[in-house]
Every structure is written in C-alpha cells, then in structure tokens.
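Novice: In case you want the letters, here they are:
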Amino acid sequence: MREALEGSQAIARAVALCEPDVVAAYPITPQTHIVENLSKLVADGELHTEFVSVESEFSAASVVLGAAASGARAYTASSSQGVLLMAEVLFNIAGMRIPLVMTVANRAVSAPLNIWNDHADSMAVRDSGWIQLHCENNQEAVDTTIQAFRISQETDLPVMVCMDGFVLTHTMEVIDIPTIAQVRKWLPPFEFKRALDPSDPKSLGALVGPDFFPEVRHSHHAAVTKALPVIEKTDRSWARAFKRGCGGLLTTEGPKDAKIGIIAMGSTVGTLRSGLAKTEDAGVRLIKLRAFRPLPEEALREATRGLDHLIVIDRAISPGLGGILGTEIKAVLYGTPDAPRIHNHAIGLGGRDIPETIVGDLLSAIEDPDATPFSVFDADLTMLPPEDR
Amino acid sequence: MSDNDTDQRAERLAELREKFGRHPVEPKKPFHQGASLRDRQPRFCALESGHRACQGCGEALAARLVMECAGPDVMVANATGCLEVFTTPWPQSAWQVPWVHSLFENSAAVASGMEAAMKARGKNTKILAFGGDGGTYDIGFQALSGMLERYHNILYVCYDNEAYMNTGIQRSSSTPHAASTTTSPAGPERMGKRHLKKDLLGIIAAHHIPYSASASVAYPADLQRKVRYAMGINGPTFLVVHSPCPLGWKHDSHLTIEVARRAVECGLFPIVEMERGELANVMPIREVRPVKDYLALQGRFGHLMKPDDPRAVEELTHLQALADYNITYFNLRGEGEDPADTVGISQVARDRAAGEA
Amino acid sequence: MVVINRGAHAEPGTSLEFKTGNWRSSECPVHVHAKAPCHAACPAGEDQQAWFAWLQEGHVEEAWRELVSKNPLPSVTGRVCPHPCETACNRTSIDSALAIHNVERWLGDEAVAKGWAYPVEAPAEDAPCVAIVGAGPGGLSAAYHCLRNGLRAEIFEALPEAGGLLRSAIPPTRLPRPALDAELNRLLALPGIKLNLRCKLGRDVGLDELKHSHAAVILAPGCGLSKEWNIDGAVPTDLHEGLHLLREFMDHGEFPEARRVAVHGGGNTAIDLCRLMKRHGVEQVTLITASALPGPDTDPEDLINVVPRELEEALEEGIEIIEHATVKRLIMKGSRMTGVEIVALKKLLGTDGRMHRVQFEGTERVVSVDMVIPCIGERVDPEGMHNLMNRWHYLDARDRWSRTPQENVHAIGDARGDRGTVAEAIGDGRLAVEAVAARLQGRADPVEDTRPEMPASGLNPVYFGRISRTAVPKLPVAERTFEAEIEGDIGRMAALREATRCLSCGNCLACDNCWVMCPDNAVIKTAELASDGSHYVFDLDFCKGCGICAKECPTGFIQMAEDTWHEGD
Amino acid sequence: MTSVIVGATARPYRSDTMIEYRIHGRGGQGSVAAAYLLASAAFEAGHTCQAFPSFGAERRGAPVTAFVRIDNQPIHLRSQVRTPDFLIVQDDTLLLDRGITDGLKPGGAMIVNSRRSDEDVAEAFSCRTKCIPATELALDYIGRPIPNTALLAAFLTMTGHLPVDALAAALKGRFKGAVLEKNLALVDAVAGMVPAGAWKESEDA
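So the protein lines, in turn, are chains V, Z, Y and S. In this text, residue positions in the first sequence follow the UniProt record's numbering: the first is 1, and each later residue adds one. In this text, residue positions in the second sequence follow the UniProt record's numbering: the first is 1, and each later residue adds one. In this text, residue positions in the third sequence follow the UniProt record's numbering: the first is 1, and each later residue adds one. In this text, residue positions in the fourth sequence follow the UniProt record's numbering: the first is 1, and each later residue adds one.
Isolated chain V, as found in the complex (with noise of 0.2 Å):
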C-alpha cells in the first residue's frame, strides 16, 4: 500500500515486516527515529519482537550477535560513531558467518563532530566482511531490508543496508509498503543452519590459528564475492513479485553511446539525475552502484564500457588517498582496454548540500586542466589558510 512515510518510519515497518525474533538497537541521530519507530510498533502490539534496548551500540551488535547464533532472526542498526563502536562486533559477526540485517543511517564520522550525511562510517567497516548495499530512496530502502533477511541466509552473512542519514531517514515520501502476507509469502522463515542448539552443542567463535587462518579467511572471501548472485537473484524475484526491483547489483541510465560517465551510490544519485535531466544533451550515462560489497567488478566493467571518462562519486574520503570508491573502480578497471579515464570526486561530504548544479560543474572539470586526480569537490579551499590546502 502506498502511504506517505518518513524513511525511519518506513524502515522499521519493513523490519516489522520481516518478523524479526530479536531487535537490539541503541539510538544515535540519524538513526534514532527508527529504532523510536519499532519501540513503538512493539509497545503498539503491532511487532513481537524480543525488543532489547541496549546500553550501547557494542551491545547492540552483541545482542543480535547472540540472537543469531542462537537461531534467532536479529535486526539492528545505526550510525556513525555507533558504527564504530560495533566495529569490532562487526567484524566478529561476518568473520563467524552469522546472518542478520543492520540498517546503517549513513553518517559523517567525527572529529569534528558532524551530525549529517555522508559514508564515512560504513566506508570504515567496509572490510569487516559485510555484504553492504545502498539505497537510493526510501522505497528502495524498504525493498532492500526485506531483501536482506533473505540474502543474508541465503549467504549466512550479515547485510547492512545503508542509506543516507536525514537525506532519506528524515524524508517523507511516498512509499509503497507490502502487506505482511506478501512478504511471509516471498521471505522464507528463518533458518541458520550452526544454531547454538543444547541437543546438537556447536561451539561457535573457536580460536583458529595460523594453521587454518588462511583458509577460513579465503572461504570468507570467497563466500562475500557468491554473494554477487545472491544479490542480483533475489532482487529480481522481488521484482516479480512485488513489480519493482531496486537495481541488483547496479543499474545504468541514458544513451547507450554516452562517453561519459557518472557513478555513484545512495541518494546522491537521485540528485545527479536530476541535475542531468538539465543536460539532456550531455550524454552521460549515470550508474547507480547498489553493491558496495561485494563489489561487482565484471558488472562495473561492462557498465564503464564505451565510456571516455567516468566521474566517481564519494561521499567519504580516506585521507592520504582520496576517495575510496574511486579508488576502488580504478583498481576494477586496470588493465581494462580502452578504460576510462576516473574523475574522482567526494562531494556533500558532512551534509554539504549538493545541489543539482553540481552536474555541470563536474562535467566541466573533466576538461580542466588543473584538476586533480581526486578534489573534495564541493570543498571552498578558500576558506583554508594556504598552507592547509
């Protein structure tokens, strides 16, 4: 049904929907509104859930750590500096193979303490062996929770759905949400097959050491990168069902001969083709990355193909590098024929609006001469005392 929804709202009615044994949350800004959202669906009766209000996000990730393990469906989420507080946990989660779905409301990382949005805190975690998928809008967001109970035991891997902090948490919009039938119907019961089970005693979380390391490490790996189907599958057989899919792996827009490109993840997204339907004659094409990880390196170069240039957006930098994503799809794409030339830019870093202008500035800076590899796009250097820039 189609209702006019906060994105936190719409999340934790997404959660409700996928029935979830245990939710363990503890409130940060941005995310604070959906872990309000379900207390209340729980205090309402409309969720029974084990709803544990936790003392910290460590415990948060512990709590459905242990759920988990102990065969639980879990949920959680949260948000920046609460990212990293569960990072360690977060590690342990995915290195222990136990699937459950965390929502992250994507958000600067402090210092300096920075409220808004951008990706630096899923980009810190982005090892931790998470699969982590990013919404463009808050339908999506909805689509991809649901999606995630699913990939996640599929995979026996820990999903974290990241979406923009405030930029879709705090945005009304119009959502259609499924009823609980259609998603009993597509989202199979909860099942982990190493459950803690007293009449089958499983030890889970041994010491492995550098005899077995290597090899428990790789089929780790091994297990993110299957994902990649995984990801796509399920998202077409939501398609199927409910008439609408949320990207798979990623998507590409516009002419099939643009020469340059656009890529980018989360709401920047929606911006950017905004912006670019001012530019019609710019032919570029815009490709939305949804997998973060795995990182879909065979469909990111058959979408970069044709392409003279590709601009890169980041919304989190790594200082001393530049930006990660960029980085990255450079990595994807050496030794590539014919490969695009990468322009790589983070912009709206901390919550700096980007307005839809933007897509002519970056289309611009693709012929100028003094650009850099990789600029804060969006950054006024002027600000800075010259020998901070």
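Simulated from the structure, these hints should not be mistaken for lab results. A few of these clues could be false.
As the list claims (entries may be wrong) - No farther apart than 27 Å at their CA atoms in a straight line, the calculated lysine-lysine pairs in the DSS-like style are these:
hint: 1; chain 1: S; residue 1: K105; chain 2: V; residue 2: K40
hint: 2; chain 1: Z; residue 1: K250; chain 2: Y; residue 2: K194
hint: 3; chain 1: V; residue 1: K185; chain 2: Z; residue 2: K123
hint: 4; chain 1: Z; residue 1: K119; chain 2: V; residue 2: K40
hint: 5; chain 1: Z; residue 1: K250; chain 2: V; residue 2: K193
Claimed, not checked - Computed footprint of chain V on chain Z, listed as stretches where at least three residues anywhere in the stretch have a Cβ under 8 Å from a Cβ of chain V:
hint: 6; stretch: 63–77
hint: 7; stretch: 83–90
hint: 8; stretch: 96–109
hint: 9; stretch: 112–122
hint: 10; stretch: 135–146
As the list claims (entries may be wrong) - Label-pair ranges, simulated between beta-carbon atoms:
hint: 11; chain 1: S; residue 1: R60; chain 2: V; residue 2: P373; range: 41 to 49 Å
hint: 12; chain 1: V; residue 1: L381; chain 2: S; residue 2: S117; range: 32 to 40 Å
hint: 13; chain 1: Z; residue 1: A206; chain 2: S; residue 2: Q73; range: 31 to 39 Å
hint: 14; chain 1: S; residue 1: K176; chain 2: V; residue 2: D176; range: 21 to 29 Å
Cβ atoms here follow ideal geometry from the backbone N, Cα and C, with glycine treated the same way.
For this one, chain V is given, so just place chains Z, Y and S on it according to the hints.
Specialist: For chains Z, Y and S alone, coordinates are given in the frame of chain V:
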C-alpha cells in the same frame, strides 16, 4: 547400561525439571551413557578433557564445576580470555554445550541476545555468560551492567584470577593491592599495584538483581550450591569465582586449591551472598589466618616478604587491614562452629554409596 | 584431511582428540595405599583403619570380621591392650587420638552378644594338625589362625583352665571374667580346635613326641616364673614377688599384712598389684620404677611400659610413683623391713654405644616401708624345653615368625623374651601359623607388609574438622572394687561417632575430592576398575600432572610419583 | 558476468510541475510536522511528495527550516529547497531576518503567522504575503499554540494547490478523536477567513 545408570539419569533429569520448572532438552549425546567410562561418569560434563589450560588452572576447574550443575540445558557466551582460548583451539572444542565466543568485552551482551532469542523462540534454555576479571571488572563492565539492568534471565559467572592472564599477567581492576604484575611490577619505586581491588559485588549489588554471590574453587560444594540456586532464578544473577592462576600468581600448580582456601580464610576474598543487593549470607571463617599465610605462597607478593624493608611491612600491614576490614564488614567470624563455615563445608566423609558399590 | 567448516565452528567434546597427558613434566599421581599408623603400630597386626572404614559405613559386623581376621580376642584386647595404635594415631595432630580400644572392646562384646560367627571354616578332617603349647592369648591366637589357614590345632595347657595370664595375672577390674570366658569359649568351641587341659609339657607330653605327632609345634607357654630378685644379694626373709602375690590374691582374695608397701618394677603387673593393694587397704603404695612417666618430653624408649589409662587410674587412686629410680639397699631391723634406700637412675648411652642404666651418687634417700615387692618381670618355666632356652633364659625364637633352631618348632609370646603384651602374643600366634601354613603348602614365607607408613604430614588436615574424642565413663575411685570393671562401655552411638573421626590414613575415602578438583577432568570415577578400595582411576592421557589431587587428597592416598612409574602401562 | 540492468534512456528527469516549499519556524514549533502534514496532504490528493527538515542540531527556539516538494511524478532531487515557490513562516519574529525570502521564485508568495497586516509585511519583503494569527486561532480551536494547521489551511485555501479535504485527510492520519475534531474545525474556520484561490495564479507564474 545398567538399570542403576538409567535411574541416575532419570533422577538427574527429574532434578533438573524440579530445578527449572521446565523440561530440559535431551542432549543428542546423553551424559553418563556410552561406551567409555568417561561417558558414564555420574555427573554432567560440559567441559571435557583435552583443553589446554595450564597445569593446576583454577579457572578450568571453576568452569567445570559451574557447568556440572548448570547443564545440560544451557548455552554459554564466553568472553575472550584463557577459558575461551584453551577450550576451543579449532578444530577442537572442550565444550559439550552450545557455546559461543565473540569478543573480550561483550559476553554479557551476546548472552543478552541469546536469551532474547530463547524468549522469542519460546524456549527455556538457560543462558550463561562467562568472563574473566578483565572482561568483567574492566572492559566488559558496561555490557554486564546493561545486562543486569535489562533483567535478562542469565547467570553471569566471572572467573576472577585477578589479572589479565591470557595476555601475560597485566593488572586489572581486580588485581589486589600490592600484587606485582607485568604492568604493576614491584621495584625500587613501586610495591606492585598501587590501587585497590574493585568492589565489584558492591557495584553488582547496586543493580538490585535477585542474586549475586562470590565463591571460590576451594569450596566446590558451596560454589555448586550457588550455581544451582542461581540457575533456578528467573532473572539476572551474578557469581564471581575466585580462581587462582598458578602462572600469574606464581605458585606451584598443586597449590591452587590451598591458595584459594587461604584467600578465604584470611578474609581477603570474602564468600558472600546477596539477595536484591542485601547481604544475605556469608561463609564464616572458623579459623582466621593471617594474610601472610595466603600471600607467602605466591610469588606475586614476594616483594612483601621482606621484614627488613619498611615499605614491605607497610603494605603487608595494609593488606592485613583490608582483610580485617572485610571480616568486620561482612561479619565473617560467625558465631561458633557452623557446618557451612570454612572448616565445616570442607569436611569429607567416607562415601557410603561408593563404599557399598 | 582437515575440512574447515563454515565460520570455523567446532564440534562438541572434540578436545578429547588432544591428549594433554604428555604435558606432565615430571610427576604423575598414583594411588598409594600406605599403612595407617595404627595398623603399623598394632602388634596383633590389626588394620584398625580398615575396620573403622566398615564402621563409618555403618557395617558393624563387617567391621568385627575385619578385626578378627587378625585378632580373635577383641573383647580381651579392647580391655587390656596398651593400644600403641592410639599413640600412633595421626589424629593427635588435629585434636586427639581415636578411642580405638574402646571401640574394639565394643565390637568384641557386640559379636559375643549377637553371636556373630568367626570368619573361619572347619578344617578338613585330614588337615595337618599343629600342636600348640599353652592356652594363653598367643596359643589361642595360633589355634584360631590355624583354622583361618585350613589347619587343625591341638592345644596343650598345663592349667585346668584356658586363658593363661589373662586369667592368672589380670584383675577382673580390667578384664571381667564373664567377658573373658565368653570370648574364649566362643573361640575354643570352633570346630578344628582341640584343647587338652592339665597337660604340661615335660610332664604329660614331650616336645619330641609333639614334633613327631603334629605337623608343627608352636610353643606359647608364657612366663610362669618370676625373675630372681635381690639387692646386692640381700632379700627380705618374707619375700613376696609380684606375679605370685597377684595370682594368690586372685585365687584367695588375700594379701600379706603390710601398712606401707614399695613395689619395685614398671610393668602392668606392678601397676595392677599396686592398685589392688591400695584398694585392699594398704595405707601407702609406692611404685619405684627406672622408667619415666609420660610427659611432653618423655623419650618413648624411656616411657613406663604400662597401659596409659591404667597408669592414669592408678594415680587417681593415690598410688605414688617414683620415676627414674631403683632400690639400692634394703633397710632391715632384724628380720623386719623398715625401709628401702632408693637412688636416682637414668638410661644413658655409654661409651660402648649401648644404653646403660646409670645411678647418680648422692641422690640416695630412704622410703619407709614394711614390705618391698619385686615386680621386675617373669621368666619361662623351662621344663620340657631346656634345649630351646637361650642365654637370657627365654625360648630361642629368632625371627618374625618365631622360628626356633628346631625345625617346625616356633616359640611365641612372652616366652620369647622380647614381647610383653597380649597383642604381641596374638600377633606372634598369627605369624607363626602363617609361616607353618606356607611351609606346609610349599610356599615361601608370607611377605611382610612393606608398605610405607602414612605420616600425619602426608594428610590434608583441612578436610577434617576438630571433633573431640569420646570420653568413656569410668567408675569413680570410691566405687572401685575388686570385681566391677572400672572402664565403661563406649556404646554403639559413640562407637560409630568415633569411627567418623578416623582419618582413613593412606586409604581412599571415596570423598570425591580428586574427582571434583581435577581441572583437567582426568580423574575417572569407577568402582570396577579402581584398585585398593579406591573408586577412581587416573586418565593419564589427559592428566597434566598439576598435583592438585595429591595435595587435596585428605588421606594421602594420592601421591605424586616419578612419571616413569607408569611406563609400560 | 552480464548483470547490468540498463534503465530506460530518454526518461524525463525533471518535471515542470514540481512545486517547492520552504517552511521557516523555530525549534519546537512543529516546522517538520508542518512539512510532513503538507506532504501527506499532497499524497492524499494523489501527488508525489517529499518533505524533510533542514537536519539541524538546533535546540528549541532556534530558527529552523523544513522543505516540501510536491509533484505529479517521482521526485529524484534530494537537495535542499533553494528556490521555493512558497514560504510558510511560523513566527513573525523570524521576519527580522531579511534573508528569509532568499531564493523565493518571482511571483512566489509567503504566508506568515502574524497579527500584522498583510500589506506591512508584503511591502517589507516585496512579495505576496498573507498574515493570519495562527497561534491565536490554534489556541481558540485546539487549546495549544501550534500554528501549523491554521497556516496550512489558509495556505491551501488561498492557493487551491491542494484541496482542503486533503489536509483534512492528512490530519486524520496524524490525529484522532477530539484533537482531530478540533483541528478539522480549525481548518473549516480558517478556510472561511481567507480568500479562496487568491494565489491560484501563482502556479502559472
């Protein structure tokens, strides 16, 4: 299998039902049944041989004692530490119950999740959380506090060996005053740890939980009674078990029990029980020993055993004063002989059942 | 080939694949069933710890059967024995010794009262028969152990009644005759024992004849004659020596007239005599002994050789005892004695390396008495055994089994000269018979119990609380007569309570300490596979050798030994 | 791997029919609620909508803004509203900031919660302005000084952009019982107080 075994097993299950008011899960591999003598031992063995604890490890003993009266319908969340490392070097595990290790500081939280899962799935399996003093007094304290506050049906057991032993004997907030560790070494400028042992039970008591207690490996019967009691409570319970570490305390491996016993007998480790934060019971000390008897067995207090060094004398006196304080504060002297005091509870008798067997 | 599973989880109990037994660096635990000190100290060879174990479990008859497997006369020894077992008892390191002798007596009396059968079977009609000379405790023990060894026994007793010195030299106040008769009669009634009374060796039957007619001869004649006594050649005209006086009194109830008496000597006979005379009305009874009274610093070698409780009762009753003294001179007024001069004396090591009794000049003093009674010991009546006498006028028994130079002839008990208690005689009887039986069956001599003794330091006293010893009622001094037994019955409740005080030195209590306290779960509980009464075995595949089990074993049954001990298992 | 999902080309990215709103208020006055209410009303009227706050960390009393976009097609743009068609000002003290009308499209209009005259304000800011004493009205009808309902009712009545019924429907989604009735009564009252359709032409401006 003899009828006798069947009876014992039925009895045990009946006892469990009585204790938990619920039907325990039948383990796939039942206890004290099977081909080998080891399988037929008349106790529930959740922590098998072949673990890699040091010789004379107090923690390994404590964990086995706890598990004996907690299992089999339990699941364990274990903090990082010796217990975790020495029981589960992949591909082996010494555990016979569902067991999960996540991290150093989150066993209480992982256990919370497990308990929530049990509630959500309509199961009664009791959850245990284990941590060492590092994972309980220090880094995992927040998660523990949260667990207690949220009133999870979990028994948290802290195996207190008074330092970070897993990483090689660094001081924790549980390390006793004046003990020497690698991060509180004794030297010309220092007499070991400068600070006091944290009064964890006092803090736990402030959570107003149904039951919290201290116990010692030196008194297995008392320890196991407390575990049984705690297992029967629907709510958060806490047990701190004094577990000597021969390596870290620097005593001979065969002295583990003796050292633990003297800690109790001198008053430095009071054995107490609290109900809703109120002192409900103590193990009286029938014959109080001077703290020196306890300290002298351990190398970590070696620097105090120098009567010519006024600093050593001062710290020794200080420790005696701390013990005296405990004895007064908890009224550990008791009132006459008591079958549950330090002497009474230790007494052995020829086992009639065994004798007739 | 290792297959790494998802998330690297581990299956339950798989640590059993990892044998930590090779972590033992030097020592491993072993079960050592050491001798309990009571057992080591018991001349009769009783294993008190073993029968207390039965009592601890409430099995009274089994306790008695265990007891009488060594000593057939517990009712007697429970009354007359100086109980070296109690002196040795490790419990003294915690509080005080067990009241072993009181419990022994109670067990003996229980058996009589309940008519429990001795654990013997009638020997075959054609079983070899052993001739036993003397029906005192040694001879009776020998006869009993013949049955235990499948032999028949024929006893030759010079007197008209069996019992030997039990009857002739021990006052009924210590050993009431009904108690003595009851136990003796039960014993003598056992099939396979033939008793010939009024049959004296040398008079009625000859040694050579016995050697010929019987498979072996065991001489247990006791010491029927008093040692000769004089002071520098002088003796009082009306000399009465102690054992004779005692026998006379027990037969006729009369003592010679005397107001003040000195008894010279230091054994049970001396004490018995002192007490009887005092009770008979003698104003002053003084015992002059070369030995020492018990005290904290008393050298056991120097201690007066009497039953401690008898000594205690004697002092209660007003007997004066002068220790470390001897009679140096008799002071006579004509034929009438007026006193004895005594002098201080001590046993000291001489330059020849042997102990000598040294008198100290200048310590002489006079004790006024009108009678001095020598009570310095007894000697063997050599009749019929002259060629078996050694130069100290005792029978020439040469080893543990009391063999004499003559083949198939053993000499046991007081007649050996190096014995002095009923228990020793009982022990001798058993050992001699065991040697005889072994020889008859073509076996080597029975192996001595070479197990080490468990010292108090080998126990862990933590596990035994202080429990005071049961005080047994005694007749008040004023009520003591010549017949009524002075020491009372401990009774069933107290006997069982006393049993709980037994530390079970060196033996497994099945207390579970090792099983409970092994951090490595390497102690396996099993009644079937365990040996020596234990209920546990060590799983050396996993034992890391920490030593906790040995340290925390209350009884010292677990000890740490060189690990090579178990090689080849 | 051939998994690229290629979207339709030549898809109209931007609608010419999108209307953008900027709501100025003070923390605690319900600016975000007003934005959500307006978006909900648009949804009730069959439009697509987007409403979001200015994501500030401001506390009660600080000037805040919220944004609403209403269209007949999917809304992709996520940036803040820089060139609003309309301004809704919840508190006339905010008018002290002369930059409040920055970016207001030519022909745009502003509705202000104020007892001042429309003309005074319009003159000061050189835009079409309607002032209504929304706080007083709210106190009269609802009993609480929340100006949103009155402002939105006045606004919708004047622009005719959405039927007033849509606002009623949106209110039904947020309130129940007596509170809802009072709000609906307020909507009716305000609708009668302002000139219906007065700003309707602005849509074409």
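Novice: For each hint, tell me whether it holds in the structure or not.
Specialist: Tested hints:
Restraint check for K105 of chain S and K40 of chain V: not satisfied, since their Cα atoms lie roughly 40 Å apart, outside the 27 Å limit. The straight-line distance between the Cα atoms of K250 of chain Z and K194 of chain Y is roughly 70 Å, outside the 27 Å bound, and the hint therefore fails. Taking the CA atoms of K185 of chain V and K123 of chain Z, the gap is near 26 Å; set against the 27 Å cutoff, the hint holds. Taking the CA atoms of K119 of chain Z and K40 of chain V, the gap is near 20 Å; set against the 27 Å cutoff, the hint holds.
With a C-alpha separation of about 44 Å, the suggested pair K250 of chain Z and K193 of chain V falls outside the 27 Å cut-off, and the hint is violated. Figure legend: the stretch 63–77 of chain Z, annotated as covered by chain V; annotation consistent (5 residues with Cβ-Cβ distances under 8 Å, at least 3 required). With a threshold of 8 Å between beta carbons, the proposed coverage of the stretch 83–90 of chain Z by chain V holds, since 6 of its residues qualify and at least three are required. Chain V is given as covering the stretch 96–109 of chain Z, and this holds because 12 residues of the stretch bring a CB closer than 8 Å to a CB of that chain, at least three being needed.
A count of 10 residues in the stretch 112–122 of chain Z with a Cβ less than 8 Å from any Cβ of chain V is obtained; the coverage claim is therefore met, three being the minimum. Coverage of the stretch 135–146 of chain Z by chain V holds in this model, with 4 residues showing a Cβ closer than 8 Å to a Cβ of that chain against a need of three. Roughly 46 Å separates the CB atoms of R60 of chain S and P373 of chain V, a value that falls within the hinted 41 to 49 Å. Checked against the hint of 32 to 40 Å, the C-beta distance between L381 of chain V and S117 of chain S comes to roughly 48 Å, which is inconsistent with it.
Roughly 60 Å separates the CB atoms of A206 of chain Z and Q73 of chain S, a value that falls outside the hinted 31 to 39 Å. Between K176 of chain S and D176 of chain V, the C-beta spacing of about 25 Å keeps the proposed range 21 to 29 Å intact.
Violation of the numbered hints given earlier is confined to hints 1, 2, 5, 12, 13; the remaining hints are satisfied by the structure.
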